Amino acid sequence: MPPVQLDSPTWSAGSGAEDLIETRIASVLGLKQFMQGPIRTLLIKGLAGTGKTTVALEILKAAGKGKGAYVSSRVPLDLLETHIPAMKETLHNQEFLDIRLEDASSVLDLIMQLTEPKKFRTIVFDSWDGLAKELDQRERLRAEKTLMALAHNSGAQLVFVSEEPGATTIDYLVDGILELVTVEEQDRTVREFIIHKLRGTKIPQRKYIFTLLDGKFTFFGPYAIPDYGKVSKIAQRPDIGESYSFGSGALDRLFGGMIPGSTLSIEYDENVPYSALRAIEYPPIINFLSRGRSAILLPLPGANDEIINSILARAVGKSVVNDRLRILNILRTSDLETASLPKNATPQEIHEIVTNETAGLRKRSMDKTVLLVKSVSALENLFASDLDSLLEVTSQEIITLQQSHDAHILFLPKDSPIRSRILSMSSSYAKLFVRDGTVLMFGVKPHTGIYALQHLEDPISPSLTQLV
Amino acid sequence: MEDDFGTTFTSAVHGGLDKILGQSGADAVLMHMKMTNNLPDPAEFHRKLLALFGPQGTLSLERAIVKDLAIRLRWSLSVLNIEDTFDFSATMRALEKGVRS
Chain A
3 MPPVQLDSPT WSAGSGAEDL IETRIASVLG LKQFMQGPIR TLLIKGLAGT GKTTVALEIL
63 KAAGKGKGAY VSSRVPLDLL ETHIPAMKET LHNQEFLDIR LEDASSVLDL IMQLTEPKKF
123 RTIVFDSWDG LAKELDQRER LRAEKTLMAL AHNSGAQLVF VSEEPGATTI DYLVDGILEL
183 VTVEEQDRTV REFIIHKLRG TKIPQRKYIF TLLDGKFTFF GPYAIPDYGK VSKIAQRPDI
243 GESYSFGSGA LDRLFGGMIP GSTLSIEYDE NVPYSALRAI EYPPIINFLS RGRSAILLPL
303 PGANDEIINS ILARAVGKSV VNDRLRILNI LRTSDLETAS LPKNATPQEI HEIVTNETAG
363 LRKRSMDKTV LLVKSVSALE NLFASDLDSL LEVTSQEIIT LQQSHDAHIL FLPKDSPIRS
423 RILSMSSSYA KLFVRDGTVL MFGVKPHTGI YALQHLEDPI SPSLTQLV
Chain B
111 MEDDFGTTFT SAVHGGLDKI LGQSGADAVL MHMKMTNNLP DPAEFHRKLL ALFGPQGTLS
171 LERAIVKDLA IRLRWSLSVL NIEDTFDFSA TMRALEKGVR S
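One line per chain: the protein sequences are A and B, in this order.
Residue numbering for the first sequence is 3 to 470, as defined by my numbering.
Residue numbering for the second sequence is 111 to 211, as defined by my numbering.
Rather than coming from a laboratory, the hints here were simulated on the basis of the structure.
What you are looking at is a predicted structure, and each value in this text was computed from that prediction instead of being measured.
One thing to keep in mind: the hints can contain errors.
Computed list of lysine to any residue pairs in SDA-like fashion (alpha-carbon distance at most 25 Å, straight line) [as the list claims (entries may be wrong)]:
hint, chain 1, residue 1, chain 2, residue 2
1, A, Lys235, A, Gly258
2, B, Lys177, B, Asp128
3, B, Lys129, A, Gln115
4, A, Lys147, B, His142
5, A, Lys121, A, Leu79
6, A, Lys121, B, Arg157
7, B, Lys144, A, Lys209
8, A, Lys120, B, His156
9, A, Lys209, A, Lys121
10, A, Lys147, B, Val209
Derived coverage of chain A by chain B (criterion: at least 3 residues anywhere in the stretch with Cβ under 8 Å from a Cβ of chain B; other residues may be distant) [what the hints assert, rightly or not]:
hint, stretch
11, 106–112
12, 141–149
With the C-beta cut set under 7 Å, the calculated list includes, among others, these residues of chain B facing chain A [claimed, not checked]:
hint, residue
13, Gly132
14, Met141
15, Ala161
16, Leu162
17, Phe163
18, Gly164
19, Gly167
20, Thr201
Glycine is no exception: its CB is placed at the ideal position from the N, C-alpha and C atoms.
Chain B extracted, bound-state conformation:
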């Protein structure tokens, strides 16, 4: 299950970034973060995005990733509360926990 989530999460990161930054932008971000093959740690991923895109840009990218992930996992976005204050790491943990259970 954990492997399934990991694969889905990685796909969602690619899909979310792709939606905003395009294929080359997404590839560049992951290449820059040296995360092309590894499962990104959400907290570390968040910090790196912040360094590159700042708070607003990071928020947009993380929302896109969460949306993509929710669609892949067939979760309703309403339960993820991504419109207001939004903690990417906490949301990821919640999603992972939900998948496991």
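Only chain A is shown next, with the shape it has when bound in the complex:
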């Protein structure tokens, strides 16, 4: 499989994208307050490689052209530009001071020179502890107090970058503390920032996921349910060679399309919002229908058929939905009538009905192919006392489907009792879960990177931004 290249996240030129990062940081870190007053001193801490310098440079960028200074005790300008090329312009637009060979007195003098004229709004000190480690404890505390006093008098914001993970003397002096960490999720690295302190600023959430994709800091707020009222007709996506498109560029790039006869299982945690699952459920159905094919949907429990119909009708047209889509909701009496399913149907009977429905839809499909999208949870709820039969029928379906040109997507709850059996039969397998309010997704089979799922482009298709 070629390397996954997802939609670059997300923003189009001329849409204010260039300001988006500042806006996002501002809304999360209270940077607006940081820029305007209460937060005069901010400590950004974390181990090496966690993204401290990139975040500090984003804050510096937000200070405005020529109003920021970057004081480096670690690397010279040319090397920093090589490390973080996306920040080259920011570095050129702001003052850069190389203090690698300076002593503490000279550095404090330099800070006085920067703060006294009240010219700079933001001064980044990267890193403070590189210098502070040369001082004894009492001397360090006094030097830090000096810096705080200079910052408070001048009105400039001082941003200290530190690689000391534990609490140090400066932790008690600064107005805000931001810690950057990396955590392992299923052998994949996820970056997280933690707001420990932000004096005078309301902190609605303390932990956020972020990425350094393209060398830029982008954080992810809590998952937001899309507004399906904004659904409009969606352009169909062509097949990808022998594979069917998922109807979403992001999903196609992640999985490389759906191979005819294959089964994709989407495993999800109990706290994944259904709307996030629908971002994977709807696009392939819409694309199949748009391309003249047929689809069968057994929705997630609690789904409302009328709403599903209405959303899909807006995307592909009412007549198409009526003609080539069947929604089987087997959990409610009214839907039993719709789907012509007997009330006490056995798994085998359901299978027969689905087979018959598929045969009918196949005739109306332009190339006789059908997409089956099913919620395993819905079936489990119905056949809780007969899971062996359910598994038997599902296995039979998967094997039969392998001989056809149909495609199969199963939505599988993480705690499903038949989970491992289903997964072992699936040709592809992806997982969705929530961390810090952000919905994350990755492919297990095939192995992919990890992505944050949002709805940035339209309410139906997912936007996937890689976490790097």
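Start from chain A and add chain B according to the hints.
Below, chain B alone, put in the same frame as chain A:
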């Protein structure tokens, strides 16, 4: 006597600043004010401190310097009245005058 006071005053400036800002902070302030070798003029010194540290920070630093100087000159702090409204230049002049007499 004047030289003695000047030397003591310079030492007190270093000592007072050191107590609050640390050795590196004190050195940095004097380096920044270009007063590493010269006897600071109290009024000019006061203005420069104000520019760097503001009124409250300056008050703390000047009190520390006066305390250090008083100890060096064996003066009682009670006669210097440094707790309420406090004029650094006037206090320096008073101390210098006292030493001379």
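Point to revise | Given coverage of the stretch 106–112 of chain A by chain B, checked by CB-CB distance under 8 Å (3 or more) | key: Since 6 is at least three, the answer is holds.
Practice item. Sort out whether A/Gly258 lies within 25 Å of A/Lys235, counting only the CA atoms. Key: Distance ~24 Å between A/Lys235 and A/Gly258 Cα, so the pair holds.
Review point. When you check the alpha-carbon spacing of A/Lys121 and B/Arg157, does it fall within 25 Å?
Key: holds (19 Å)
Exercise for review: For the hint on B/Leu162, just tell me whether its beta-carbon gets within less than 7 Å of chain A.
Suggested key: holds (6 Å)
Check your understanding: Is the Cα-Cα distance between A/Lys147 and B/Val209 25 Å or less?
Key -> Distance of about 34 Å is beyond 25 Å: violated.
Review point. Does the alpha-carbon distance linking A/Lys120 and B/His156 stay inside the 25 Å limit?
Key: holds (19 Å)
Review point. Per the CB criterion, is B/Ala161 less than 7 Å away from chain A?
Key: holds (6 Å)
Exercise for review: Would you check the hint for B/Lys144 and A/Lys209, treating anything up to 25 Å between C-alpha atoms as holding?
Suggested key: Distance of about 46 Å is beyond 25 Å: violated.
Check your understanding: Does the interface hint hold: is B/Gly167 within less than 7 Å of chain A, judged Cβ to Cβ?
Key -> holds (5 Å)
Exercise for review: Verify the coverage statement for the stretch 141–149 of chain A against chain B, using a C-beta to C-beta distance below 8 Å and requiring 3 or more qualifying residues.
Suggested key: holds (count 7)
Check your understanding: Per the CB criterion, is B/Met141 less than 7 Å away from chain A?
Key -> Interface hint status for B/Met141: holds (5 Å vs cutoff 7 Å).
Point to revise | Satisfaction of hint between B/Asp128 and B/Lys177, Cα-Cα up to 25 Å | key: holds (13 Å)
In the structure shown, a violation is registered for the earlier hints numbered 7, 9, 10 and 20, in ascending order.
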